[in-house]
Structure formats: C-alpha cells, structure tokens
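Novice: Sequence:
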Amino acid sequence: MDRCHREQAQSKQEVDLIYRTHRLVGERQLDLIAARIPVRKAEEIERFWIMRHHEAFADKSKTASN
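Each residue of the sequence shown is one higher than the one before, counting from 1 in the numbering used here.
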C-alpha cells in the first residue's frame, strides 16, 4: 500500500484512539497521540484532525463573527 493510500486508510480503532487520547492530552501533544499508533506520525495525526474538524472550526468562526 502506498503512503498516500495508507494515510487515508484509518481504522475505526485508530480514530477512536485519536479522539480518546486527544481528550486526555490536547491538541498540542499530537506526537504523544502518534506514539500510541505505531504506523502514524504526528504530521499524519495533525492532518487527520484538521481535515476532520475543518468545517466545524470554520462554522464556529463564522458564528462568532456575526
């Protein structure tokens, strides 16, 4: 499996672990989250987090400015 395809193929268990660990350590500790998932790097976790929450953050900023 090539790197681009692997980055997108996250299991439900990985996603669950990312969310649970994020709640414990916060966004600034993405390297700690990545350390829990051996095949992932902090950059991949950060990219996942941004892509998952990009729309939610954009909606919040629009609401706050109005």
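Treat the hints as calculated values from the structure; they're not laboratory data.
Be aware that a few hints might be false.
Computed list of lysine to any residue pairs in SDA-like fashion (alpha-carbon distance at most 20 Å, straight line) [unchecked claim]:
1) Lys12 / Leu32
2) Lys12 / Arg52
3) Lys12 / His53
4) Lys12 / Ile37
5) Lys41 / Glu27
6) Lys41 / Gly26
7) Lys12 / Lys41
8) Lys12 / Met51
9) Lys41 / Ser11
10) Lys12 / His22
11) Lys12 / Pro38
12) Lys12 / Glu44
13) Lys41 / Tyr19
14) Lys41 / Arg28
15) Lys41 / Arg23
16) Lys12 / Arg23
17) Lys41 / Arg20
18) Lys12 / Arg36
19) Lys12 / Ala42
20) Lys12 / Ile50
Remember, it's a predicted structure, so these values are computed and weren't measured experimentally.
Novice: Taking the hints in turn, state whether each one holds.
Specialist: Against the structure, the hints:
For the hint linking Lys12 to Leu32, the alpha-carbon distance of about 19 Å falls within 20 Å, and the restraint holds. Between Lys12 and Arg52, the direct Cα distance comes to roughly 14 Å. Compliance with the 20 Å bound is thereby established for this hinted pair. With a C-alpha separation of about 17 Å, the suggested pairing of Lys12 with His53 holds against the 20 Å cut-off. Restraint check: the Cα-Cα separation between Lys12 and Ile37 comes to about 12 Å, which is no more than 20 Å; the hinted pair holds.
Straight-line distance between C-alpha atoms of Lys41 and Glu27 comes to about 14 Å, which keeps the hinted pair within the 20 Å bound. Of the supplied pair hints, the one linking Lys41 and Gly26 holds, its CA atoms being roughly 16 Å apart against a limit of 20 Å. Note on Lys12 and Lys41: the hinted pairing holds, with a Cα-Cα distance of about 17 Å set against a maximum of 20 Å. With a C-alpha separation of about 16 Å, the suggested pair Lys12 and Met51 falls inside the 20 Å cut-off, and the hint holds.
Between the alpha carbons of Lys41 and Ser11 the distance comes to roughly 15 Å, so the proposed pair stays at or under 20 Å and holds. Only pairs whose Cα atoms come within 20 Å are accepted, and Lys12 paired with His22 is accepted, the gap being roughly 15 Å. Under the criterion of a C-alpha separation no larger than 20 Å, the hint pairing Lys12 with Pro38 is consistent with the structure, at around 15 Å. Simply put, Lys12 and Glu44 have alpha-carbon atoms about 16 Å apart, close enough for the 20 Å limit, and the pair holds.
At roughly 16 Å between alpha-carbon atoms, Lys41 and Tyr19 fall within 20 Å of each other, so this suggested pair holds. Distance restraint check for Lys41 and Arg28: the Cα-Cα separation of roughly 14 Å lies within the 20 Å cut-off, and the hinted pair is therefore satisfied. Taken as a hint, the Lys41 and Arg23 pair is honoured in the structure, with Cα atoms around 18 Å apart against an allowance of 20 Å. Only pairs whose Cα atoms come within 20 Å are accepted, and Lys12 paired with Arg23 is accepted, the gap being roughly 17 Å.
Distance restraint check for Lys41 and Arg20: the Cα-Cα separation of roughly 17 Å lies within the 20 Å cut-off, and the hinted pair is therefore satisfied. Restraint check for Lys12 and Arg36: satisfied, since their Cα atoms lie roughly 15 Å apart, inside the 20 Å limit. For the given pair, Lys12 sits about 18 Å from Ala42 by alpha-carbon distance, which is consistent with the 20 Å threshold. Restraint check: the Cα-Cα separation between Lys12 and Ile50 comes to about 17 Å, which is no more than 20 Å; the hinted pair holds.
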